[in-house]
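Participant: Sequence:
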Amino acid sequence: MADDENTSVVCTIEIPKGSRNKYEWDEELGAIKLDRLLFSS
-17 MADDENTSVV CTIEIPKGSR NKYEWDEELG AIKLDRLLFS S
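With the working numbering, letter number 29 in the sequence shown gets 11, and the count goes up by one each step, no holes.
Mixed in with the good hints there might be a few duds.
[As the list claims (entries may be wrong)] Here are the computed lysine to any residue pairs in the SDA-like style, where the Cα-Cα straight-line distance is at most 20 Å:
hint, residue 1, residue 2
1, Lys15, Tyr5
2, Lys(-1), Arg18
3, Lys(-1), Ser22
4, Lys4, Ile14
5, Lys(-1), Ile14
6, Lys15, Glu(-4)
7, Lys15, Arg2
8, Lys4, Leu20
9, Lys4, Phe21
Hints in this document: simulated from the structure, not taken from any laboratory. The model shown is predicted, which means the values in this text are computed figures rather than measured ones.
Could you put the whole structure together from the sequences, leaning on the hints where they help?
Facilitator: Shown next as structure tokens:
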């Protein structure tokens, strides 16, 4: 792809049960992103 092309990719993100990763919707990106890691106490 040329550097000046705009490209969108639609995908499915599978989050395993019990995952420590916290994902949230980012309005600016218009996508789900990794927000933080959850730690056990």
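Participant: Now tell me, hint by hint, if it's right for this structure.
Facilitator: Evaluated hints:
1. Lys15 x Tyr5: holds (5 Å)
2. Lys(-1) x Arg18: Holds, at roughly 16 Å.
3. Lys(-1) x Ser22: Holds: Lys(-1) and Ser22 sit about 15 Å apart, inside 20 Å.
4. Lys4 x Ile14: Measuring from Cα to Cα gives roughly 10 Å; hence the hint holds.
5. Lys(-1) x Ile14: The given pair, whose Cα atoms are some 17 Å apart, holds under the 20 Å limit.
6. Lys15 x Glu(-4): Given that 20 Å is the threshold and the Cα spacing comes to 13 Å, the pair holds.
7. Lys15 x Arg2: Satisfied, since the Cα-Cα distance of roughly 14 Å is no more than 20 Å.
8. Lys4 x Leu20: holds (7 Å)
9. Lys4 x Phe21: Holds: Lys4 and Phe21 sit about 11 Å apart, inside 20 Å.
Checked against the numbered hints given earlier, the structure satisfies every one of them.
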